[in-house]
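Chains A and B, in that order, give the protein sequences.
The first sequence begins at 1 in the numbering used here and counts up one residue at a time.
The second sequence begins at 1 in the numbering used here and counts up one residue at a time.
Some clues are possibly wrong.
As the list claims (entries may be wrong) - Chain B stretches covered by chain A per the calculated footprint, using a threshold of three residues with CB under 8 Å from any CB of chain A:
1) 139 to 148
2) 180 to 189
3) 254 to 260
If you are wondering where the hints come from, they were derived from the structure by calculation, not from laboratory data.
Beta carbons are placed, not taken as given, at the ideal position from N, Cα and C, and that holds for glycine.
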Amino acid sequence: MGRYVLHRLALALLTLGGVTVVIFLLIRLIPGDPARIIAGLLASDDEVRRLRVELGLTQPLYMQYLIFFTGLLHGNLGLSAATRAPVLEEIALRLRPTVLLAVSSIAVATLVGLAAGIISATRRYSILDYLAMTLAVLGVSIPVFWLGLMLMLLFAVYLHWLPAGGYGTLASFILPTIALAAFSTGIIARMTRSSLLETLSQDYVRTARAKGVPRHGVVLRHALKNALIPVLTVIGLQFGTLLGGAVLTETTFAWPGMGRLLVNSILSRDYPVIQGIVLTFATMFAGVNLLVDLLYAYVDPRIHYG
Amino acid sequence: MWTPGSTTVSQTPPPSSHDRFGVWRKLRKHKTALAGLIVLGGFLVLTTLAPAILPYDPNVADLDHVLLPPSLAHPFGTDHLGRDLLTRVVFGTRVSFLIGILAVAFSASLGVPVGLVSGVRGGVVDLVVQRLVDLLLAFPGFLLALTLIAVLGVGVTNVVVSVGLAAVPQYVRLARGVALSVKEQAYIEAARAAGGGEGRILMRHVLPNCLAPLIVQSTLRLGEAILVAAGLGFLGLGVKPPTPEWGTMLGEGQSYLFSSWYIATFPGLAIFLAVIAANLLGDGLRDALDPRLKHG
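Please take these sequences and the hints and turn them into a complete structure.
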């Protein structure tokens with residue numbers, strides 16, 4: 001097990017290293033002087049000159065990358081071109097709202113998606129099955145930002161039940177969480193249904209039924225455990241989709257998170273901040289997938305830890 | 001599950017040469033898929049006839065008639081510049097579908113050849129391609145398209161490139177999987193023994209195996225591409241105004257949500273409808289064309 005963990009950890013770090021290369025190269029693909037691009041339009045000539053030295057722009061590309069990478073390891077993501085504050089500080093200020101929104105959404109999506117999938121699979125071709133699967137298709141097709149606006153229109157503008165935006169109270173979480181969770185709920189429900197149906201048709205399930213194990217016992221104790229393995233992977237991947245969707249949801253609900261900062265930074269061409277946020281999102285995503293892989297090995301004894 | 005009497009000889013007639021896989025027959029029985037096809041067809045007809053049936057220009061401002069609620073003259077109302085929203089939504093069909101279709105074509109034409117070569121060649125080529133794919137997949141979903149737009153800038157071409165590039169990994173994986181599954185087959189060996197070159201074998205013998213999953217994948221991806229492009233538009237990072245694009249219109253409508261609900265509502269409904277239609281058709285095609293992927 002120890003070796004497997006180390007192996008997966010190394011792979012995750014390698015991927016993140018690759019991500020830093022991609023981001024580094026992308027920023028340098030933008031036509032123009034990289035120092036001017038990174039410093040921003042408001043920077044003085046002196047600042048641009050200083051940055052040019054700091055980034056080592058007269059040196060070969062791989063040296064520039066090494067300078068960038070060593071900076072990252074020291075937590076130096078550069079300065080925001082718009083506010084002149086360290087990028088790390090800007091991100092730290094907005095990390096919490098984004099993480100809370102993403103975690104609450106994945107929790108809701110997992111609970112509702114699993115429940116709907118289990119009901120669908122155990123009552124196949126019933127009205128409940130059709131209803132759940134219809135909702136699942138609607139969930140994966142509805143634009144997250146539009147769902148957010150429509151929820152806002154109904155529950156905030158007309159009914160005055162919930163706040164239309166902002167962040168802080170528990171009530172402020174409800175609408176953004178529903179909007180963001182809809183897509184992943186649909187995916188998880190569909191995956192749970194098909195995975196559970198497949199396991200239920202396996203021989204050992206039939207054996208258990210023949211032995212006289214009650215129906216719910218078979219589903220819960222025998223089938224669900226195996227059916228959940230592919231679902232777990234999907235949940236991990238959905239976390240990535242959620243982080244992307246958070247950008248749209250935060251914009252819809254004026255949520256003070258990293259997603260909204262990212263959009264504003266793209267609009268104002270604040271590349272150090274863009275770079276920092278994309279790296280943060282990729283790191284979070286890699287972390288969750290690492291966790292899922294480790295859980296996978298724990299849940300599924302067929303996976304070798306070698 | 002096998003039950004006594006469940007193994008019967010297939011009663012279906014041998015498929016004709018026009019419908020080798022019986023796709024149309026299966027699809028016709030699939031009611032939801034048929035509904036999806038009809039809705040997509042409806043969009044196509046509507047957008048073709050648009051200039052002939054709609055009396056307004058989608059881009060000309062009419063400042064005497066701004067923010068009018070839905071009425072007979074303007075069934076969807078008018079926006080902050082007095083433009084008829086129904087006209088803009090209908091013309092937006094062209095832009096959104098064009099972006100979606102081009103983006104899917106872009107990812108397929110880049111991803112499929114790379115995936116085929118990667119699968120058939122194996123070895124170092126395969127290893128390098130797979131690591132590159134992993135690298136692209138390390139960017140969570142929508143963020144890759146967003147990052148690319150940040151570098152490339154806005155506009156129709158850049159939206160197509162960003163949305164398309166973000167979906168390339170899926171096509172590489174699909175084509176590679178098919179290539180791996182057929183490359184040891186006897187007929188490939190026979191073709192090679194007969195002196196077929198690598199390019200010829202890829203084109204004539206491996207590629208046709210990809211067509212069914214490719215069609216399924218592309219239909220599902222069309223919905224996603226429309227969704228991603230609309231998301232970019234919503235954030236103000238899509239096409240340049242005044243081009244009528246659904247996501248961009250929705251973004252403009254957000255500022256007027258409290259006073260004029262209809263501006264954001266109708267373009268969003270159009271996106272929703274288009275994406276459901278593509279998803280339903282894709283699900284149906286998957287069941288009809290690609291039994292390996294069949295779920296439920």
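Taking 8 Å as the C-beta cutoff, is the stated coverage of the segment 254 to 260 of chain B by chain A satisfied by three or more residues? holds (count 3)
Verdict on chain A covering the segment 139 to 148 of chain B, where coverage means 3 or more residues with a C-beta closer than 8 Å: holds (count 8)
Cβ contact check, 8 Å cutoff: the segment 180 to 189 of chain B against chain A, three residues minimum: violated (count 0)
Violation of the numbered hints given earlier is confined to hint 2; every other hint is satisfied by the structure.
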